[in-house]
Amino acid sequence: MASNEALSARNRSALDEWYTQLVDIEAELRHYRPQFKGKTVFCNCDDPFESNFFKFFAMNFNQLGLRKLSATSYAGSPITGQQLSLFDAAGLQAERPRDVFKVEISEVPDRNDDGAIDLSDVEHLLRHDANVMTPLKGDGDFRSREAIELLEEADVVVTNPPFSLFREFIAQLIDHGKQFLVLGDQNAAKYSSIFPLFVQNKVWFGYENGGTKWFRVPDEYTIKTKERWKIEDGVKYQSMGRVYWYTNLETTRRHQNMVLYKRYSPEEYPTYVNYDGIDVDRASDIPMDYEGHMGVPITFLDRYNPEQFEIVGISTKLAEPMAKYAEPDQYVSAKGNRVGGTGKFFVPIAKDRYRGVYERVVIRRIGGVS
Amino acid sequence: MKIEPIGVTVGEVAAGFVDNQEEGVVAYDGLLNVRPPYQREFVYKTTQRDLVINTIRNGYPLNVMYWAQNDDGTIEVLDGQQRTISFCQYVAEHFSVDVDGNPKGFHNLSPTQRQQILDYELMVYLCEGTEEEKLAWFEIVNIAGETLTEQELRNAIYTGPWLAHAKRIFSRPGGPAYQLASKYVTGSPIRQELLEKAIDWVSPGQIKDYMQVHQHDPDAQELWDHFQAVIDWVMATFSVYRGKEMKRVDWGDLFRRFGETEYDPDAMEARVSELMQDLDVDSHPGIYEYVLDGDERHLKIRKFDDRQRREAYERQRGLCANGDRCKTPGNSDGKKKFGIEEMDADHIVPWSKGGRTIPENCQMLCVACNRSKGDF
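Residue numbers (my numbering), protein chains in the order written: chain A, 144 to 513; chain B, -1 to 374.
These are computed hints drawn from the structure, not numbers from a lab.
Quick caveat, the model's predicted, so the values are computed rather than measured.
Warning: the hint list may mix true and false statements.
[Said to hold, decoys possible] Pairwise CB distance ranges, derived in the manner of DEER restraints:
{"id": "1", "chain 1": "B", "residue 1": "Pro59", "chain 2": "A", "residue 2": "Glu250", "range": "34 to 44 Å"}
{"id": "2", "chain 1": "B", "residue 1": "Gly14", "chain 2": "A", "residue 2": "Lys345", "range": "44 to 54 Å"}
{"id": "3", "chain 1": "B", "residue 1": "Gly14", "chain 2": "A", "residue 2": "Glu393", "range": "20 to 30 Å"}
{"id": "4", "chain 1": "A", "residue 1": "Thr414", "chain 2": "B", "residue 2": "Asp251", "range": "34 to 44 Å"}
{"id": "5", "chain 1": "B", "residue 1": "Asp251", "chain 2": "A", "residue 2": "Gly208", "range": "29 to 39 Å"}
{"id": "6", "chain 1": "B", "residue 1": "Gly71", "chain 2": "A", "residue 2": "Asn448", "range": "45 to 55 Å"}
{"id": "7", "chain 1": "A", "residue 1": "Asp424", "chain 2": "B", "residue 2": "Pro357", "range": "46 to 56 Å"}
{"id": "8", "chain 1": "B", "residue 1": "Ser186", "chain 2": "A", "residue 2": "Gly181", "range": "27 to 37 Å"}
{"id": "9", "chain 1": "B", "residue 1": "Glu267", "chain 2": "A", "residue 2": "Gly435", "range": "47 to 57 Å"}
Ideal placement from N, C-alpha and C gives every residue a C-beta, glycine not left out.
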């Protein structure tokens, strides 16, 4: 087990402070509302006062019928404590105030008696109920013992984990058999520790994965591309394409068939040299009349219905070394540079000339075509 | 037909609201089809959506909405879809709005505030009548609001599983029909133009009737099969792709007339290519029709211009080129002088036999002679 020192040394310079906006959370979470009834939700990797995840579940606590909501903060979050002065929180007064704590809520009563239960009641709770907010001994990292204790108690984890630690984060959730709905880079699906989870239908994508999501970032974050940052009301936002919802909560989306319309022809769908399968350039071009193995781009996973397709594997694992089939100078790049002949599918482009294709998910159709 | 205002509140409409994404949106205890399956997506921005809620919370009026009564007792939203979805979603806790600096979902409001929203009276006109009547009325109403295309209007009337399936295929940007055929046809999936074209092809030309007949079919497989057959046939018959020209051809019509015949694609291509290079052929899209049905009119063969006409007229000194075989009554000796406007310029050797549109091949015929000339 990692020592406290090691955990504290976690590299925060990896620019992992991305605060998800409430609109994005609401847009995704609306699809799962009934699945939260009676559940304990844990928002880790979040500063409860800044995190819209915590805010969302706090303000919807009664409506969703949650059993319990817990959240942890971690050391060194640059915008901690801007909303509610920590000295005011009842649970922190006993000790020297510090910025690492956990919040546990089991009920949100109408404390300010205005007939409505909203965030102001949650705030009231934090200010006056000493049991709600407790300091942590460690630094609040999701791998710390205190965080794991909360995790074990939880049914569903909903958060935006640090992307640089995405592998470990997902692995921990799977190991503990938890349900989750978390954000991650689309590319993470290709990781050797994540991809098998897709194959085994233990992880899939959520609903709202199109378009660009904007995240609140600390002021010191900079990015060169103008289109990717903006400042609204003095708050800095940065956009990130390809941010997907990863989940193992049930979705209707993953039960919808893709409508296939293309017909197979050897010209349009070349057969790989170093694997027994054909190359399909775009997921929507999957031919309706091909029974064998097909290599498709990773974007296929967004439309993957396990009743329609079976995932056989990924090119990085399935490709045979090209050296078995051709001389190295026969599969050089267009510019004539030598390319690696392993972990990649190749298609013939001319006599004794081969071209490598990008990473491919290998699939086989087992269901209908529309 | 009856069109009358009905009293409904936000609370009544929002009851039983279910958003099934592309499978459609229903409300009003399931009676109201807010968005039929695969209709245009909900495109309200967050700010517009929040504005609807603020309008209602302030008790200001939302604009009039139009509903249409279906035969099976269900109701279609013709106008007001996005506003309806906005308040239904709010009541169903899909989002929160900013109230006095705090985000508040519906349940975060006080009981009084909630009741105020639920009791808010909507201005809804319900129309009952035959589908023909409704369509006619919608076409008038349509002028006022956000303009719907003709096919969007038809889609609002002839709803059912057939339409749902058809839209899945034809109405999605980047959907199957678009992917398959966008190289050969024009038309926007989202504005329902591709669907319109597909029905136009299969019916043929009888879009409304076709939709009426198939409205209650379980799926639109026939339509999709036909559409695919047309495109497959085009690809098999004309192997070389020419986007600009091909997109202007009415392939559905050609398929109906010649789809049964198998052509040698190489021979077809040779003909098409030759005609594309022919300077006297004015209509390039027409080449595809011409090589199939042989009707020269599709090609819009270049006509002699005014200069060439005048030159030939002067050369003939106003006489008909047919001389004593002229068909104009009383001109059996060919001596009659015609005015230039009484004559037509004619290819001496017809275009089909290799004659060009050049001065040496131009002659002026009187109208009677030209009409009787039978080289078409």
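Cross-check of the supplied hints:
1. Between B:Pro59 and A:Glu250 the beta carbons are some 40 Å apart, a value that agrees with the proposed interval 34 to 44 Å.
2. In this structure the supplied range 44 to 54 Å is violated for B:Gly14 paired with A:Lys345, their Cβ-Cβ distance being about 35 Å.
3. Between B:Gly14 and A:Glu393 the C-beta distance comes to about 22 Å, which sits within the given range of 20 to 30 Å.
4. For the pair A:Thr414 and B:Asp251, the beta carbons lie near 38 Å from each other, so the given range of 34 to 44 Å is met.
5. Separated by about 60 Å at the C-beta atoms, B:Asp251 and A:Gly208 break the suggested range of 29 to 39 Å.
6. Range check, B:Gly71 to A:Asn448: Cβ separation about 33 Å, and the 45 to 55 Å hint is violated.
7. Checking the proposed 46 to 56 Å range against A:Asp424 and B:Pro357 shows it holds: the Cβ atoms sit about 54 Å from each other.
8. Distance hint check: the CB atoms of B:Ser186 and A:Gly181 are about 46 Å apart, inconsistent with the given range 27 to 37 Å.
9. Roughly 32 Å separates the CB atoms of B:Glu267 and A:Gly435, a value that falls outside the hinted 47 to 57 Å.
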